[in-house]
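Asker: The residues making up each chain are set out below.
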Amino acid sequence: MYTWLSLKSSADLVQLEAHLSPEYGAKRVVEKLAGGISGAVKAVLIEHNYVDKDYRSTYYHFYSKKGQHYRADCVRLHFFDQTVTYDSTALKLACHEGPDRLGDHYFGYMVLRPTGIATIGRTVLSPDIRSGACQYIITTEHKVHLLGYKLKVHGFPSMDQHVDISVCAHVACWSILRHYSERYSTYREFLTHDITLMAQPFDPGGLVPSRGLEVSHAERVFQVAGTYPVHITRDKKKASDPSFYRQLIAYVESGFPLFAAMQERRHAVAVVGFERRQPVNTRLPGMRSAWEEVQKLALVDDNNLPYLPVEVKGGTPYSAEDIDAFIVALPEKVFYPADAVDRLAEARFKLGGAINLPPEDESIIRYFITTGSALRHFVRDHESEFDPKLVATIMKLPFAQFIWIVEFATEPQWAVGQVAVRAVIDATSSLLEVMPLWLIHSQTQALVFNRLTVGLDLQSGIRGLQLADSGRVGFTRMDQNLRSTQTK
Amino acid sequence: MDKEKDESDVFQAIEGLTPVDPNALADFERAMNEEVIPEIVKAVEERRMLAAESRHWQLKC
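One line per chain: the protein sequences are A and B, in this order.
If you read the first sequence in the numbering used here, its first letter stands for residue 3, the second for the next number, and so on.
If you read the second sequence in the numbering used here, its first letter stands for residue 45, the second for the next number, and so on.
Calculated directly from the structure, the hints in this document are not laboratory data.
Among these hints, one or two may not hold up.
Result set (SDA-like, lysine to any residue): computed pairs, CA atoms no more than 20 Å apart in a straight line [said to hold, decoys possible]:
(1) A:K490 - A:R103
(2) A:K352 - B:F55
(3) A:K490 - A:S8
(4) A:K352 - B:A68
(5) B:K86 - A:V436
Which stretches of chain B does chain A cover? Using the computed rule of at least three CB atoms under 8 Å from a CB of chain A, they are [said to hold, decoys possible]:
(6) 56-67
(7) 90-103
Just a sample of chain A residues kept apart from chain B, beta carbon distances all over 12 Å, derived [stated by the list, open to error]:
(8) K154
(9) E294
(10) K335
C-beta: ideal position from N, C-alpha, C; glycine also.
Let the sequences and hints guide you as you build the complete structure.
Answerer: Next comes the structure, spelled out in structure tokens:
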């Protein structure tokens with residue numbers, strides 16, 4: 003039932019082939035693992051006869067109906083560091099700090115399906131052991147039950163496409179929705195077979211799902227799952243469409259994984275993270291955006307292990323600029339689109355005299371969605387950076403649940419993770435509102451907007467607040483929705 | 045002051061607020077009305093049209 007493999011190096015993963023029957027496609031699995039995980043993985047526990055809910059959903063509806071006899075059970079591989087040992091007689095795992103700390107030495111799991119081809123099933127790996135993983139990854143905690151222990155791993159779900167009943171787009175939808183069901187109690191869990199059904203208004207049956215999806219089908223999957231998908235397409239008639247990429251990174255920085263489509267490749271992936279380039283002191287004039295500071299995106303691509311790092315330009319097999327459209331599955335109460343925030347951000351410079359914004363052509367602008375509670379939590383954690391009057395204002399303003407944050411930084415501030423000015427926009431605003439703001443503040447001044455009265459006017463609806471300058475370089479940038487990778 | 049007015053006036057709950065000279069915001073208001081809001085409406089409509097075209101792209105790699 004359980005087999006323990008100690009690894010001196012990733013080359014030792016080849017031992018897996020001796021312990022797995024051919025239907026699990028061990029050779030290909032070993033190649034992928036050896037090429038994609040770090041040397042920090044020093045042991046693999048093979049859990050035989052594992053009942054995997056996602057594989058079973060496809061087994062009951064497809065594989066069990068075939069003439070060829072498929073097994074109903076899977077194999078699950080668990081990955082550990084060098085401090086964990088296994089007692090095969092007592093069936094116990096141990097580490098120096100005791101069984102309660104086993105999770106600190108656990109890197110996740112990979113289910114292998116008995117399907118002969120494309121055998122990598124539901125997988126949650128820590129980005130910490132993924133070779134070349136990006137700096138920031140959208141993750142959540144996944145609970146794992148093994149040998150009576152409750153382990154935890156922070157990661158993003160992934161799997162191979164089944165080829166015969168699901169394609170890349172199904173897998174991208176499944177990955178995003180499994181992340182949602184683990185991360186947010188609002189969303190229910192959908193199994194692989196559920197996703198193939200949700201894409202169509204009727205049960206397509208048989209092999210129809212393997213003939214592919216249209217982008218509209220993916221949008222339908224997210225709608226049926228109870229989210230409010232926003233679909234953004236790059237304008238390929240223009241030489242460039244920088245607003246498309248600014249919006250893409252804004253949603254990723256907000257913690258929303260994206261369903262991304264590449265038209266010519268007919269391929270779909272999930273965008274789950276990014277890496278910033280090293281800060282450079284260009285001293286060149288010109289406003290920049292957070293997208294221009296991105297070097298790589300992290301993708302869940304069903305042809306690769308998760309967190310595939312992809313260069314913004316000129317990468318292989320493709321680059322981030324090959325993404326032609328994306329769908330972001332939003333919660334209900336985000337009415338003010340990124341397109342609006344994108345244009346509004348630049349218009350803020352018209353407030354220059356009233357708020358001490360950095361000069362327009364020396365600014366780096368970043369925007370993202372968060373909640374009013376998350377902003378208050380952030381301000382509480384960084385209380386010493388703010389004038390107490392500003393802290394009190396943020397605690398008292400009756401924010402709607404979701405807000406857009408726009409941050410303005412100079413190049414030197416950006417290099418040290420600081421910002422000069424932060425604006426808080428009401429994500430429930432109408433497109434036609436002149437002042438869709440709750441608050442904008444620098445180190446010395448704030449403008450506060452009364453959004454409890456519809457039809458705000460400049461005379462009565464806006465107040466100023468003089469702040470004591472702390473003399474700091476700036477405020478800490480709100481980098482809080484993604485997990486920082488701790489490479490091992 | 046009646047109760048309704050009291051509840052809708054968030055400014056009463058925050059200390060230290062001062063009136064803002066409307067002239068300081070006039071440039072922003074003009075830019076919003078004459079440039080930014082029309083641009084936003086146009087951009088959102090253009091994205092809607094682009095999304096409509098891309099809905100039929102086939103994905104199967």
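Asker: Determine for every hint whether it applies to the structure shown.
Answerer: For each hint, the structure was consulted:
Our distance criterion of 20 Å between C-alpha atoms is met by A:K490 and A:R103, whose separation comes to about 18 Å. For the given pair, A:K352 sits about 24 Å from B:F55 by alpha-carbon distance, which is inconsistent with the 20 Å threshold. Note on A:K490 and A:S8: the hinted pairing holds, with a Cα-Cα distance of about 17 Å set against a maximum of 20 Å. Between A:K352 and B:A68 the CA atoms are separated by roughly 9 Å; this keeps the pair inside 20 Å, and the hint holds.
Restraint check for B:K86 and A:V436: satisfied, since their Cα atoms lie roughly 16 Å apart, inside the 20 Å limit. For a cut-off of 8 Å, the count of residues in the region 56-67 of chain B with a CB near a CB of chain A stands at 9, and the three-residue condition holds. Check on the region 90-103 of chain B: 11 of its residues sit with their Cβ under 8 Å from a Cβ of chain A, so the three-residue criterion for coverage holds. No beta-carbon of chain B comes within 12 Å of the beta-carbon of A:K154; the shortest separation is about 33 Å.
No Cβ of chain B approaches the Cβ of A:E294 within 12 Å, the least distance being about 20 Å, so the stated non-interface status holds. Distance to chain B confirms A:K335 as a non-interface residue, since its nearest Cβ pair spans about 18 Å, more than 12 Å.
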